[in-house]
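Chemist: Sequence:
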Amino acid sequence: MLALVADPAAPERLALREAAEPAPGPGTPVVAVEAVALNRGEVNRLATAVDGWRPGWDLAGTIAVAASDGRGPDVGARVVGLLPEGMGWAERAAVPATHLAVLPDTLETVQAAALPVAGLTALRTLRIGGLLLDRRVLITGAAGGVGRFAIQLARRSGADVTAVVGRPERGAGLRELGADRVVLGIEAAEGPFDLVLDAAGGSSLAAALALVGTGGTVVTYGNSAREPSTFVVNDFYTTWGVSLRGFFLLADAGREPPAVDLGHLAQLVADRRLDPQVALVTDWRDADRALRSLRERRVPGKAILRVG
3 MLALVADPAA
13 PERLALREAA
23 EPAPGPGTPV
33 VAVEAVALNR
43 GEVNRLATAV
53 DGWRPGWDLA
63 GTIAVAASDG
73 RGPDVGARVV
83 GLLPEGMGWA
93 ERAAVPATHL
103 AVLPDTLETV
113 QAAALPVAGL
123 TALRTLRIGG
133 LLLDRRVLIT
143 GAAGGVGRFA
153 IQLARRSGAD
163 VTAVVGRPER
173 GAGLRELGAD
183 RVVLGIEAAE
193 GPFDLVLDAA
203 GGSSLAAALA
213 LVGTGGTVVT
223 YGNSAREPST
233 FVVNDFYTTW
243 GVSLRGFFLL
253 ADAGREPPAV
263 DLGHLAQLVA
273 DRRLDPQVAL
283 VTDWRDADRA
293 LRSLRERRVP
303 GKAILRVG
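Residue numbers for the sequence shown follow my numbering, so the first one is 3 and each next one is one higher.
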């Protein structure tokens, strides 16, 4: 079969090559992959990956071979899945049944592929904040895949949502998704907030710690700034009951397998209560161009590759 693998000599360090066929295992069926999503974490990893490393966390397709013990979806079932160890950018992939959800009939594969990393990160980081009805939520990196899911899910939970973007044009469409206000840079946000989701790290995380209110929570799940965070500790510990939480989905999926949450997200999209914000769909043979667009922040949402 073919798979996309790291190749330091190729454009965007990625190339199509022959790869070993995956084998089903106990509770692990093989999926015939039809679409995969690109994530910034994979783009960053490719920059330093050794030759032959295989990326791919998000995928959607059809069960080709059932698990060896019969557990999981039947052959022919349409599914969406998360592969914490990667290797999903391939014609076929072995995926634990606990990391798969069967798709509603009305949900397109391309839309489903956008859900795992971005949708689960948004859902689970918001969940850390508890009941969000009438709470104030600040979302940095709001124009990205996670941010767009988080805006919608926070609004559905009854929150007042402030979205932070880095450039004016990146704010287009965020109010329509549910943001009450869109601000340029976290410095323009007016606290206090009950929950802050920060993807940027660096100075953004420092600012977030100064904006969280009594009993509030800051959840950090990324470091797109690629720099350390330095903050005035008085801005943090003098506010009663404030907590700082780190979140990494690929580790969290081991603690709480994502099948149920993936099914929930898929149903929301099928019911038109959640928009996966797919902004770019292209053939996987054009993966280098899609990766470049994502790296240069020219994709207002999710980028999807059709496989095959």
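Each hint should be verified, as a subset may be incorrect.
[What the hints assert, rightly or not] Cβ-Cβ distance ranges computed for the label pairs, FRET-style: (1) 290 to 20: 12 to 22 angstroms; (2) 160 to 194: 15 to 25 angstroms; (3) 298 to 4: 39 to 49 angstroms; (4) 20 to 243: 49 to 59 angstroms; (5) 132 to 183: 20 to 30 angstroms; (6) 228 to 73: 33 to 43 angstroms; (7) 4 to 266: 49 to 59 angstroms; (8) 204 to 252: 39 to 49 angstroms; (9) 298 to 28: 40 to 50 angstroms; (10) 259 to 186: 53 to 63 angstroms; (11) 295 to 4: 16 to 26 angstroms; (12) 232 to 4: 14 to 24 angstroms.
Quick caveat, the hints were computed from the structure, so don't treat them as lab data.
Here the structure is a predicted model, which is why all the values come from computation and not from measurement.
We put the beta carbon where it would ideally sit given N, CA and C, even for glycine.
Chemist: Could you run down the list of hints and mark each one as holding or not?
Modeler: Now the hints, each set against the structure:
1. 290 to 20: 12 to 22 angstroms: holds, 19 angstroms
2. 160 to 194: 15 to 25 angstroms: holds, 18 angstroms
3. 298 to 4: 39 to 49 angstroms: violated, 26 angstroms
4. 20 to 243: 49 to 59 angstroms: Roughly 56 angstroms apart at Cβ, these two residues keep to the hinted range, so it holds.
5. 132 to 183: 20 to 30 angstroms: Given about 22 angstroms between the Cβ atoms, the range holds.
6. 228 to 73: 33 to 43 angstroms: holds, 41 angstroms
7. 4 to 266: 49 to 59 angstroms: violated, 32 angstroms
8. 204 to 252: 39 to 49 angstroms: Since residue 204 and residue 252 have Cβ atoms about 22 angstroms apart, the given range 39 to 49 angstroms is violated.
9. 298 to 28: 40 to 50 angstroms: holds, 43 angstroms
10. 259 to 186: 53 to 63 angstroms: Roughly 39 angstroms apart at Cβ, these two residues miss the hinted range, so it is violated.
11. 295 to 4: 16 to 26 angstroms: The hinted range 16 to 26 angstroms holds for residue 295 and residue 4, with Cβ atoms some 22 angstroms apart.
12. 232 to 4: 14 to 24 angstroms: Because 46 angstroms falls outside the window, the suggested range is violated.
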